[in-house]
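With the hints as extra help, turn the sequences into a complete structure.
Below, each chain spelled out in residue letters.
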Amino acid sequence: MTVEGTRAKARVPLFVAVRLFAAVRRSGALWRCGVTVPPLGWVWQYLSMPDSAANGSASAHGTAPAVELHNISKGFPGVIANRDISMTVERGTIHAIVGENGAGKSTLMKTLYGLHQPDSGTIAVNGTEVEFSSPSDAIEAGIGMVHQHFMLADNLTVLENIILGAEPAKGGVIDSREAARQITELARSLGVEIDVNSPVAELGVGQRQRVEILKVLYRGAKTLILDEPTAVLVPQEVDELFENLRRLVDAGTTVLFISHKLDEVLAVSSRITVIRQGTTVGTVTPAEVTRRQLAEMMVGSDLPQPEPRTSEVLDRVRLEVNNLSVSRPGRRDLVHDVSFAIRSGEILGVAGVEGNGQFELCSALLGREHSSGTVAIDGKDVSHASVRDRKNAGIAYVPFDRQREGLMLTSSLWENNLLGQEEKFSKYGFVNVAAARAACREVISRFGVLTPNEDVPAFALSGGNQQKLVVGRTMSMNPAVLLAAHPTRGIDVGAQAAVWEEIRTARDAGLAVLLVSADLEELLGLSDRVIVMFEGSVVAELSPRDATPELLGSYMTGAKVAAR
Amino acid sequence: MKLTGRARLLVFFAVPVALMSIVRLWSGEDALTSSDTIGASLRLSVPILLAGMAGLWAERCGVLNIGIEGMMIFGTWFGGWGAWQFGPWVGLMFAVVGGMLGGLIHAVATVRFNVDQIISGVVLNLLAFFGVRYMSDLAFVGQPGGGVSQSPPQTSAIPRFDIPVLSGGEVFGWKSPNILLNLEERGWFFVSDLAGILHGLTHNLSWGTVIGVAAVPATFWILWRTRIGLRLRSSGESPVAAETLGVNVIRLRYLGLLVSGGLAGYAGGILSIVASSYYRQGQTAGRGYIGLATMIFGNWRPVGVLGGASLFGYAEGVKLVANDAISTLFLFVALAAVLLVVAAVVNRNTTRGIVTAFVAVIAAYTYLAIDDVPESLTQSLPYFATLVVLATASQRLRPPAMAGIPYRRGESH
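Protein chains in written order, with my numbering: chain A, 1 to 564; chain B, 1 to 413.
Source of the hints: derived by calculation from the structure; they are not laboratory data. As the structure is a computational prediction, the values presented were derived from the model and not from experiment. Please note: incorrect hints may appear among the correct ones.
Covered stretches of chain B (chain A as the covering partner; in silico rule of three or more C-beta atoms under 8 angstroms from a C-beta of chain A) [what the hints assert, rightly or not]:
id : region
1  : 214 to 228
2  : 231 to 239
3  : 244 to 258
4  : 397 to 404
Quick look at which bits of chain A chain B covers, simulated, 3 or more residues with Cβ under 8 angstroms [to be verified]:
id : region
5  : 133 to 139
6  : 150 to 156
7  : 418 to 429
By construction, the Cβ of each residue, glycine as well, lies at the ideal position given by its N, Cα and C atoms.
Set out below in structure tokens:
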């Protein structure tokens, strides 16, 4: 490893030193570098590299790539997640990795970050072959990862979260002032402002992501892995994130980012590697491909269309909500005076930055949260009805967080599928196991859940497949009103199309849908009407024909307020 | 209404003292704020305080510790045995080691083998209870004054002292004045009450008690100012995040439970060495559980635990020193509750207003209507107070996020 022997106490000087070293090496003055002397083995390997390899993988400046993966394979019991993956990431670039869910992107990145070890194949960082037995090894080699699910401790402060594990300390006592200074400096280089002493629990999603990035930079990372960083952001936040990343790249950092949003990928990255079914399909530049070609590389076949389709909205009101408000002790109105009606055969989209009352709205509609105002399902007032009564009246729910609200992770798939349908599948209090299993198998085949059978525990499934099971379970209940919160979050293009198709078919058969989604494309493509929630209130109602992502974004961030 | 540092001090200390003074002058019961009562309260608070600290260390590192009672039992036994054999200081050390043994058992069960944390704690309590009985059978039976349920009496005790000038302690043979006692005896409003409280806290102090109270600043400093403290707290808040940053969660949980056990053991040692002069079965009397209540009461923070332990210790102290004065405590509670009702009205907090008004009415009725308060009722007063606090403040409590959830290395689904 090139940074061997430079484990200075303060990580930022190390960061600077490494960058300086990189700059000096780029100028070809390797031998003059007095700051850091690389291990001899590295020099030898570099000098003895065959010409062809150097041409193929190194840039014109003659520097080794930031990361090289050769023939990486990684299997888990029952599945092969990665097979013969090879790719090269040039230093100082944004390199995207795209692929469907379950294609093996996350597995690959976890391998690179040392969270597990490959079964075969080699990893080289800056031209040196490395073996990471834990994330600490990867961090030491200058690789940092921002996970899809943020790894932050809510009750700790921003500062504590960032320095954890690499605290500047004198005799074991944390030097908070020094830490705050370093973090503020890093934040400035990233172009963001952050209050280091506020608890993470008080931050929004975008800010949390920045804390994660700072956490990685604080450890001196010069290669940054971002696992689906934009999945949780609104368009404006996405722009800010990319702006931050460009600044980093200009300063010499390498960014590897995983995504399946092709527009973003084409817009920001200089190279794109496509992974399908655990192996690399190819690496392209954005100039070489169109969005459609890229998508076809990803899926390996013709693409489904997320085009809007006209539908016939019937007159019959299935869900009517009047003046609904939710408040909790000591909190301002979480949902404030919301009214709407959804007719049979209609999809009402709800746009909004997460945490602006969508969750509480759904909870209140389900009867999980105390609320004022009235709710009627099919003309029947259920304002004071229990969750079960509302369910029996025909309401069904695809939850925001599949793991927390939707699944028993350690239970088998068929038991998970049985949840909420116990009455349907039991007699005299005994569950008809055979029927429950058969129902689960049907959901598995209808929604293409990738699993060996219905007996595996839910945690063994990838996130996308878990989501397919949850959606499938909900749809198989034949609801009259569907509350769908992020129904396609984290699932691949093929399954996305299947879920859309299911929702559309059910809609055409008279289902009323409340669709909460962060994916504006999905929202505009599916909905018949869109409302925007900001700080608990509905601030706009639009037709998807008039709404652009930019317009929605400005309502979502409160920059613009419309009269309803 | 957000209070700043000095205003908080005023509200949480000066106002109760003033209320106490009013109650004292009204009812004529001097014992409420006498130095004797406060001294006894301090002695009785310390074991509860340490039990609370033991809970705090365990839950901050991510493990529930129902077994504090059992660790305290180990502490009383090992402390009693060590003090009988080798003198009180060695006894206290044995108490700590005995408690740590309990902590280690809990750690191996919950951290290494992922046994349910509640079950392991309960088993530990049972194990301690019957284990020390067996050991007593081996060590104490047949000794003069010893038996299966108690140890022979100890021959020496931990020295006690008075703080010079304030409470008449001796400095190099010079008998200094006793300013606080002097003030206390005047019977002035507020001033004498304050002097009585301070005198109680500064005279006839055992070194064992002083060391015990020092656990509060020490815990705060270690957990919130040092590197190891931050890592330990992160193991309780988000072990997955901690591990991805190279923090050894498993090791820190062992450490946290060892410290937890040591503190609980010391609490037991105080009971069998400082508060009495022999080990007796059942000496802990459920203080381990009360300690857990003070931990929740104190929002998992050292100073808060100190506040909770003081409350329980004071109620016990009044009962011990001035049983007759107990009924006046209800008057105090009633007055305090009225103040809280006013605060709730100002803050427009309906729920809290109703709850505290209810408490005020009950307390006032108890004071006025019942001449002879049954002991069981007075004993339940601190629990009652804890329930009220939990009912009104639970939204602001911030327990460690992952306390109670087993963690396996490298597992994050």
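Comparing the hints with the structure gives:
1. 214 to 228: holds (count 4)
2. 231 to 239: n = 5 at 8 angstroms, threshold three: holds.
3. 244 to 258: With 4 residues close enough to chain A, the hint holds.
4. 397 to 404: holds (count 3)
5. 133 to 139: As far as the region 133 to 139 of chain A goes, the hint holds, because 4 residues have Cβ atoms under 8 angstroms from chain B.
6. 150 to 156: Since 6 is at least three, the answer is holds.
7. 418 to 429: violated (count 0)
Going through the hint list in order, the structure does not satisfy hint 7, though it satisfies all others.
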